[in-house]
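Protein chains in written order, with the UniProt record's numbering: chain A, 1 to 478; chain B, 1 to 478; chain C, 1 to 478; chain D, 1 to 478.
Warning: the hint list may mix true and false statements.
What the hints assert, rightly or not - Quick list of simulated restraints, FRET-style, between CB atoms: (1) Lys207(B) - Glu427(A): 46 to 52 Å; (2) Arg230(C) - Pro446(D): 54 to 60 Å; (3) Gln344(A) - Arg134(C): 52 to 58 Å.
As the list claims (entries may be wrong) - No more than 25 Å apart at the CA atoms, straight line, and that leaves these computed lysine-lysine pairs for PhoX-like: (4) Lys329(A) - Lys329(B); (5) Lys329(C) - Lys244(C); (6) Lys462(B) - Lys341(A); (7) Lys83(A) - Lys341(D); (8) Lys469(C) - Lys115(B); (9) Lys207(A) - Lys329(B); (10) Lys207(C) - Lys341(B); (11) Lys83(B) - Lys341(C); (12) Lys339(A) - Lys341(D); (13) Lys207(C) - Lys329(D); (14) Lys391(B) - Lys255(B); (15) Lys329(C) - Lys341(D).
It is worth saying that the hints were derived from the structure and are not from the lab.
In this text, a Cβ means the ideal position worked out from N, Cα and C, and glycines have one as well.
Protein chains: 4
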Amino acid sequence: MSDVMEHYQDDGLHEECGVFGMYDFDGHDVARTIYYGLFALQHRGQESCGIAVSDTEGPKGKVLSSKGMGLVNEVFTQEDLDKLKGNIGVGHVRYSTAGASTRENAQPLVLNYIKGTLALAHNGNLVNAPELRRELAHDGAIFQTTIDSEVIAYHIARERVKTSSAEEAVQNAMKKLVGSYSLIVMSPRKLIGARDPFGFRPLCIGKRDNAYVLASESCALDTIGAEFVRDVEPGEMVVISPEKGIESHRELCQKEHGRCVFEYIYFARPDSVIDGMSVYQSRIIAGRCLAKDSPVDADLVVGVPESGNAAALGYSLESGIPYGTAFVKNGYVGRTFIKPKQSQRESSVRVKLNVLKDAVAGKRVIMIDDSIVRGTTSDRIVSMLKEAGAKEVHVRISSPPFLYPCYFGTDVPDSDQLIAYNRTIEEIRQIIGADSLGYLKLERLPELTGGRQFCQGCFTGKWPIDPPKEDIRGEYDA
Amino acid sequence: MSDVMEHYQDDGLHEECGVFGMYDFDGHDVARTIYYGLFALQHRGQESCGIAVSDTEGPKGKVLSSKGMGLVNEVFTQEDLDKLKGNIGVGHVRYSTAGASTRENAQPLVLNYIKGTLALAHNGNLVNAPELRRELAHDGAIFQTTIDSEVIAYHIARERVKTSSAEEAVQNAMKKLVGSYSLIVMSPRKLIGARDPFGFRPLCIGKRDNAYVLASESCALDTIGAEFVRDVEPGEMVVISPEKGIESHRELCQKEHGRCVFEYIYFARPDSVIDGMSVYQSRIIAGRCLAKDSPVDADLVVGVPESGNAAALGYSLESGIPYGTAFVKNGYVGRTFIKPKQSQRESSVRVKLNVLKDAVAGKRVIMIDDSIVRGTTSDRIVSMLKEAGAKEVHVRISSPPFLYPCYFGTDVPDSDQLIAYNRTIEEIRQIIGADSLGYLKLERLPELTGGRQFCQGCFTGKWPIDPPKEDIRGEYDA
Amino acid sequence: MSDVMEHYQDDGLHEECGVFGMYDFDGHDVARTIYYGLFALQHRGQESCGIAVSDTEGPKGKVLSSKGMGLVNEVFTQEDLDKLKGNIGVGHVRYSTAGASTRENAQPLVLNYIKGTLALAHNGNLVNAPELRRELAHDGAIFQTTIDSEVIAYHIARERVKTSSAEEAVQNAMKKLVGSYSLIVMSPRKLIGARDPFGFRPLCIGKRDNAYVLASESCALDTIGAEFVRDVEPGEMVVISPEKGIESHRELCQKEHGRCVFEYIYFARPDSVIDGMSVYQSRIIAGRCLAKDSPVDADLVVGVPESGNAAALGYSLESGIPYGTAFVKNGYVGRTFIKPKQSQRESSVRVKLNVLKDAVAGKRVIMIDDSIVRGTTSDRIVSMLKEAGAKEVHVRISSPPFLYPCYFGTDVPDSDQLIAYNRTIEEIRQIIGADSLGYLKLERLPELTGGRQFCQGCFTGKWPIDPPKEDIRGEYDA
Amino acid sequence: MSDVMEHYQDDGLHEECGVFGMYDFDGHDVARTIYYGLFALQHRGQESCGIAVSDTEGPKGKVLSSKGMGLVNEVFTQEDLDKLKGNIGVGHVRYSTAGASTRENAQPLVLNYIKGTLALAHNGNLVNAPELRRELAHDGAIFQTTIDSEVIAYHIARERVKTSSAEEAVQNAMKKLVGSYSLIVMSPRKLIGARDPFGFRPLCIGKRDNAYVLASESCALDTIGAEFVRDVEPGEMVVISPEKGIESHRELCQKEHGRCVFEYIYFARPDSVIDGMSVYQSRIIAGRCLAKDSPVDADLVVGVPESGNAAALGYSLESGIPYGTAFVKNGYVGRTFIKPKQSQRESSVRVKLNVLKDAVAGKRVIMIDDSIVRGTTSDRIVSMLKEAGAKEVHVRISSPPFLYPCYFGTDVPDSDQLIAYNRTIEEIRQIIGADSLGYLKLERLPELTGGRQFCQGCFTGKWPIDPPKEDIRGEYDA
């Protein structure tokens, strides 16, 4: 089978990537553990995945890798994992926000450069990728993928010529990168983790026996039975080696941060703890805030699964209105699922989501969702509740309205595609057919992040870094 | 690729099958709608699936079919569905309780017999299959599968020789079948649905435009946008044809029924309504009963996903103790998922389920599960809650203890493998490490089924039909 | 992936099947050797293949099998072969002459019957299959495939009820089968080979160390390093068991035979020896006869590959006209090859066959082919030679003209599709554009078979057995 | 499925690549024609293949590509070809001589660079690739493959910065490349073909209607029904564009050439004409020369298929000894074929090749082969002939003895692995067990190439270009 790939898309928001790295100082193979680590991060990207490993005891720079389109459980066979021999490795799951959805763009990127071999896994989006690409191209660089990671790799390679160690090269390269990146780099004898100075995307450190682990989210540590050590700080680079264990470089650390609040609201798994704040708690708080700020008399609070559930619970706890379940979600949708055509009687929403009529019939329902992007799905879900007999449907959104696009690693689209842009809340309410509508207040966001600084660009149009002059999303798609 | 298949197994309980049939009198193709219908029934069987269709306007008896190992979304391609032209069809999803897990055993069974072609989809287990098989074999029958459906097909074929219509043959065959069966038979011009006299397994009728639908559960009707007409009654046979619409045959209907209460407790999707009782309501009631009968002072009620959630909600509603979420389930496990080995640090339970530490730490937790089979999983889950900081873990089971095996279409194993057999509740509590343990009282079961008669064999050892003299489960596995 | 199969067809003649069985008395696994045996017989069928094995030391009747659509090298993986543990086994390669090309029809057929398990591989076509099928159907039999082998299996099963051994049952069943069959039956402890009384299809016996082998052609014995023991005689049944080695049953042997002369002319591999006559020699003789009976003055004799080459050599040896090569055949066409559409500039013939211009330009060429069926391919090949600069093209056919269909295991079509039916040789010559045309004389055929009796039905319309009253080819296709 | 690839290897010689490009000025899609073109070149590489196309009327630089491991007929589906919309394209088949056999190394290479997108297909080996790679690496280049084509692409990209057109960049890049290359470059609006100054590898131009074609061999032109225009000359670059048709650049053309004589003796298809010399004629001449220089009294001349056949015919024509066929080759070996293990009774040679006993028994046989590399296969084949009853086996080789490795695009190994190195012909004869042995005389080679200059490095150790200082074969394998 060949690889002319088709894009699989739906209406929701998408995170672009999850990264996972491991270095076993005792020499045990890591591929299989990386497999389970990626499996735990599968929610961060379902289009492609890959694992690259190296044996620090073997011939220097010998890297084995395996990548493919699809879910972790579809791409890797037992035989693949058996072949991936090595005690240092890096893995990646991908959903494409920039760069086409093709096998060429699957990560980790494995490459030969001046000092041997390098494997790279990246979560984020560079704002200055086009400039950097153009600059490199003017020097005669060639690009075989459309992903930012290739730009990063180039900079590391160029710096490596002038520096005496891989970590120095990574550190120097970081100085040129503008945007969001949580990065794992595997050099022949070191595993390096780095997070952009604003800390847009998460990255944490774990430990299991005599092995260190880097992962996008702490849930991946739980899955493999590793203990959580700490988060990589915004701007920090950590270098893992048997000689020095974990070494920290904080040259780029700064006071101003820009964590993505949507990691808490939607992207991350609720059982993850990011930068000291539990994602689950964050959602409970969002629900409580909504109950305080947008109260309504009703019989039942329900969440749109999965991310709306915790917020719904928070709303229920605060308001005293009973929590319930209104939806059954069909989780068997895979990459090859054949979607209903517009012309058919079946609809995409109904195939994936069904209403529990007995739970909602005759009731005034408060429905909590994490966000409204274009509004098309909300419209349908409200209708389904009403068809199922709900007397009233009050929609509460556990985030402020989206007004601006995101350039830092999510696929929040341009303003003209956002239902909330240039519309009043009343207008949106009418479009989606709800009896009332309430959003989380912008000033509540600090409560969700435990007071940590965050990016609010998609709500305010003011990002911690200037947005790119040109559209970086999809430009190089081939 | 060839088909030497391996068995994929886990610890839980399994339903064996889901069936779906459709007859479009207007002549529209039905394969794609059957695809979505099977998708809605995927929870009833994930090992193999298949669709067979026929064109009632085309050459008589021309049946096209497509089957394979795996999930609905893995087995069928767009191209497959495009080729399955026909306005009458039947589909099946399978988990094997009897018969090996091989492609040969995938359904629907398509066969040529005296009167042309027949396709058959079956959910259930015949108690007298070995005798029937032996009897047929003595007459020189050959068996190419190890599934009961082949025995049923033989009987229909033999009866058809002596009768004047397919429905008469099916009706006569039913008289010889002892056990559980919900059956859909597609003859060249008719779609026939039948349910055993005790009604062990569900089967219902739906309608969409000028098409009739038969399905294991009503959730499949919702998914395709069909309206629910009614359940097929225990012992009833319905014949769908353009001439007469739906025709009912009730010769085998009887007063005594034996519905499987576990359809309500565990197997069915909560959004289904079976024999007039909502599965969701049934679970809520189970939770309420537990709260009444096994009260305990605690801070939080949680369900083991997915089936424990509704019962937990019921417990919360009745007791006033707040409902919460304690677990995150990783739903990306597919047929090809590589399971952790015993020797590895990763464990099967932890890879699929993680605890929300922030939700349970320092709390007294009531954990609701639908059942305990061997007890190995419960043991691990209780430990995980405690490791996550739960002060107390009180386990409540929304069904009575399993003491006896099931011979009617589920894989409840023999007594010696059941933790509750020959053990007191206190002994079980100690084994699973809970602070207290309570089961649903047997006398509460009628409340769960809306007062309808049901089978309680796995709790009492008294089944509506005598169990088979020999073990029917797996005997013919090749 | 599912199995809605498409028929892959071309213009030539096709053999329907090859069979291979092995019994290792020392207990070694046979699957891998069967794999190479089938590989040697691949020319006899490229649509599907399968292997079934049993362990005579293991639990009685435990049969493992693996089948699939495609070539031997595509269907079986190393993992498949590793799983097929057993010291007795049977394999099959198939091209469909009767029965649709679907996975359901792939052989060996594995079935449970009164006395346990049976695996069956069959090459041939029963003339009375429809009657037998109807008869069985009237007794309530069901058919899950459209292949004759299922009819044979039924008869064996029915006889087994009344007899004391598998071989007796096979022998009795053979008495009811009319038509062509070379059969290998694997019972739990015996391997049985049988050939119809006319010996239409070949079957031979080999030996390697302490193992016996049955194979359609002797080339398969060479491939696995086994020695040739002898042919199974027309009408003979041989029973292989550790107790008695090879036991022969000749009850059905008769004087009148009906070997297929096309095994020598076209189907079999030239390195096979069938019933004591070398296929290669047979073709050399055919060429010599053509040279004697249809001489022509020319510069070069060439064969249409592959089967025409040996006859061309014979023509050259007899006539003294130099032998040459005129064509290059592209052998990389597999089951999934995308054929040129009529509307495209590329043509099916040219994609597979190219002319060596330097070999033929300016020359008078004698082109030897094994047969002309519909004439469409011959037409193109003659044109290609002329376009390449051949001054004259004299076509010589190493068989008499096809005038009647074949009902005994090849796909020679009905008379109205045969170019030679109702046409003079001169008319055919004009259609194919040759400068002269000569066929092998009917009276020469005995020389090709070493004087053995053969079937000449496709030339004379007089078959050793009456043709079926109804068309048996494709009737049951589903 | 993922892509941890395994190397499939056998004993013979291998060509590394075939290239095919097409530009349809009328705007018709070319992917399907490229498919047939690659199919005709399949003998030049069976490990991987790929097609890249672009629509010159569409958005500039939008390239679609499809690649995979395996044969042309395995890699591309109908759906793939349908998606590859574009009227300009390039294709590639690959066998790896340098660079590992992984999907990453499959060609065409598609890349973005300073001026948009470029696709590149390359046949050959650069002698200075390591130096060029090192040089580029010192400037910070990164390499994602281990193939020379990436080095070429880099040079084109770097030149493009300084030049005003793609062809100028290609021309300048060529000046830095030392070694063998037949190259097809697709820029957004031009198709460029180039051949190294020595012309090691072939490349020719064809035309069909209003489309131009570039192909490794003329047989690919025949297959798609294009007419042969002319060969690209050694050192020439041709630029195909709708404005100027074919434009020639001969700046690098020189008098000294180094055609690979093994293209004639072994690699190319006999129906190809390379640089004005028919491959078929070349082999006939080789056979005639052998008959003149190494005569022997015998009964039969046979060729080792396929490449030995034409030489055997030449020997027969010259000597008057009858030509015959001694071997039957099994052509169904695909990429996934499971090879016999050393420990098994089956052998790799016998599985692929069988002797026609009747053709050779009792005869004195002259066996013509194209070359002897390590001698292991020759040894077996001679034995097989003797076992089949040949009285004498006289081996004649249609090339001089291999004494030195090849660095220019074939896999002739190092001297210490070559049987002829440091051995007399008599010693070799004894090793392979022949009754006599003769090689083609070195001074005969000009006759085979029609007097054209050629490389005789593998016979003399004197290559037209100095061999690389370091081993270029396999160095960068990852």
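How the hints compare with the structure:
1. Lys207(B) - Glu427(A): 46 to 52 Å: Given range 46 to 52 Å: violated, Cβ gap about 38 Å.
2. Arg230(C) - Pro446(D): 54 to 60 Å: 55 Å, holds
3. Gln344(A) - Arg134(C): 52 to 58 Å: 42 Å Cβ-Cβ, so the 52 to 58 Å window is violated.
4. Lys329(A) - Lys329(B): Given pair lysine 329(A), lysine 329(B) holds - Cα atoms ~13 Å apart, limit 25 Å.
5. Lys329(C) - Lys244(C): 48 Å, violated
6. Lys462(B) - Lys341(A): 50 Å, violated
7. Lys83(A) - Lys341(D): Distance ~20 Å between lysine 83(A) and lysine 341(D) Cα, so the pair holds.
8. Lys469(C) - Lys115(B): 21 Å, holds
9. Lys207(A) - Lys329(B): 23 Å, holds
10. Lys207(C) - Lys341(B): 44 Å, violated
11. Lys83(B) - Lys341(C): 20 Å, holds
12. Lys339(A) - Lys341(D): 47 Å, violated
13. Lys207(C) - Lys329(D): 23 Å, holds
14. Lys391(B) - Lys255(B): 50 Å, violated
15. Lys329(C) - Lys341(D): 31 Å, violated
Checked against the numbered hints given earlier, the structure breaks hints 1, 3, 5, 6, 10, 12, 14 and 15 and satisfies all the rest.
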